[in-house]
Amino acid sequence: MIDEHVVALINGDIDGVLSASERAELREILASSTEVQEYYQGLEQLDGLLQDVPAQEYKMNFDQRFGDLFPRGASVTPIRKTGMGRLSNVMSYGLATAAGILLAVGYYESRKLDSDEQDFGQMLGTMAPDTNRMVAAEAFKVNEAGVQSEARLEERHGKLVLEITVDSARDTDISVDFSATSLRFNAMAQFASQFESIQIDANVIRLRSNGQQHFTMLLDRATNDEPGDPGVVRLRYSRDGALIQQGTLAVR
Amino acid sequence: MLDKQQENLLIADIKRGDRRAMEVLVKEFERPVYNAAYRMLGNPDDAADVTQTTFMNVFRKLGQFNSSYRLFSWIYRIAMNESIDQLKRRPQTEQLSPALAAGGPGPAARLQATQVSQRVQSALMELSEDYRSVIVLRYFTGCNYEQMAVTLSIPEKTVKSRLYTARQLLKTSLVDNKESNL
Chain F
1 MIDEHVVALI
11 NGDIDGVLSA
21 SERAELREIL
31 ASSTEVQEYY
41 QGLEQLDGLL
51 QDVPAQEYKM
61 NFDQRFGDLF
71 PRGASVTPIR
81 KTGMGRLSNV
91 MSYGLATAAG
101 ILLAVGYYES
111 RKLDSDEQDF
121 GQMLGTMAPD
131 TNRMVAAEAF
141 KVNEAGVQSE
151 ARLEERHGKL
161 VLEITVDSAR
171 DTDISVDFSA
181 TSLRFNAMAQ
191 FASQFESIQI
201 DANVIRLRSN
211 GQQHFTMLLD
221 RATNDEPGDP
231 GVVRLRYSRD
241 GALIQQGTLA
251 VR
Chain D
253 MLDKQQENLL
263 IADIKRGDRR
273 AMEVLVKEFE
283 RPVYNAAYRM
293 LGNPDDAADV
303 TQTTFMNVFR
313 KLGQFNSSYR
323 LFSWIYRIAM
333 NESIDQLKRR
343 PQTEQLSPAL
353 AAGGPGPAAR
363 LQATQVSQRV
373 QSALMELSED
383 YRSVIVLRYF
393 TGCNYEQMAV
403 TLSIPEKTVK
413 SRLYTARQLL
423 KTSLVDNKES
433 NL
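One line per chain: the protein sequences are F and D, in this order.
Sequential numbering from 1 applies to the first sequence in the working numbering.
Sequential numbering from 253 applies to the second sequence in the working numbering.
Derived by calculation from the structure, the hints in this document are not laboratory data.
It is possible that some hints are incorrect.
[Stated by the list, open to error] Only some residues are given here: those of chain D computed to face chain F with a beta carbon under 8 Å: (1) 258; (2) 265; (3) 278; (4) 305; (5) 308.
Predicted model, so just to flag it, every value in this text is computed and none were measured.
In this text, a Cβ means the ideal position worked out from N, Cα and C, and glycines have one as well.
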């Protein structure tokens, strides 16, 4: 058993923080104890091993990751892009007809976590595009064998809306996680589709999809959020436990 | 690494809304933040997510940054907290992804480097978050004792204690265990 003081000296030497007198003390101890020598050599070997671990190369594409939040020439706040032009034709068409379809198909689920009031009117409002102030933030696409999907996180009428279309040949698990920020699930509407299963928690939704799905989620910002605080949603697509694709959407 | 004066100038530019300054900050810290997250999580995709969320929070909360501290400590703290949050959200059964192929002059060297990286990563994942954090900060961001203490909001004495114990545990699994010798 090596004394704590000696352990501290050895670690201090490895970290290069010993004074001259402490180094001299350590040298004396090393000269008189094989056990301490072996311990020192083991830690030295470990230190060399850890120092030699190659750094993982990583380069974030700023434009891709933050371009929508911080467009060129814009100030930090407000950080929004306006215009229907950013939406795909399919999505725009879907949005234009969404409210009508919703009425026919029905309201899937609506619940407020901070209030008992069922805000159906607000839910309907989020289905239709706000042509005067459409805010398109970020899109995320999955185009893999057996599953195609598009997700968009947008602010509509002052509310955050996550709209997802999925077309999968087999059961596909989708996790929608907004626990990284203060977003909370408010309500969800589904167009002409059914899930195999769905689990809704305050800040994580897990669902299993098979076939064609088109649904939206209305997310609430926390009341103590400052203007311009970003909403961040993590999406994860998997099948039989194996990851297909994952990504993050963010909007202010 | 940026000195204190450079940090202050960068922060002031970002607060003014200078997008270029934001890019500079990302370029300065993306690699250590990603590597710290990767070593905490053992998964490149999760590390990329944590890296993005870290910078998102940095931009979001820059107004709350106390300029008496160093910027890198604050950024690393956000990255470590994000990584730990990610670990807590992770299903217990989730498998670790294989390590990314490391760069190197040739296939043999690259294979060797990848093997080292993977063995170290496996040993790191066996450590508790407290011990893993100090090793990650010491070896993958280059923090000293004081910087680790500020980043983790713990006394320097605790940093040393955790670092010594973490090294002992890693020594046992990576050096003393002959079967796992690299």
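Hints, verified against the model:
| no. | hint | verdict |
| --- | --- | --- |
| 1 | 258 | violated, 19 Å |
| 2 | 265 | violated, 11 Å |
| 3 | 278 | holds, 6 Å |
| 4 | 305 | holds, 5 Å |
| 5 | 308 | holds, 6 Å |
Violated hints for the displayed structure, listed by number in ascending order: 1, 2.
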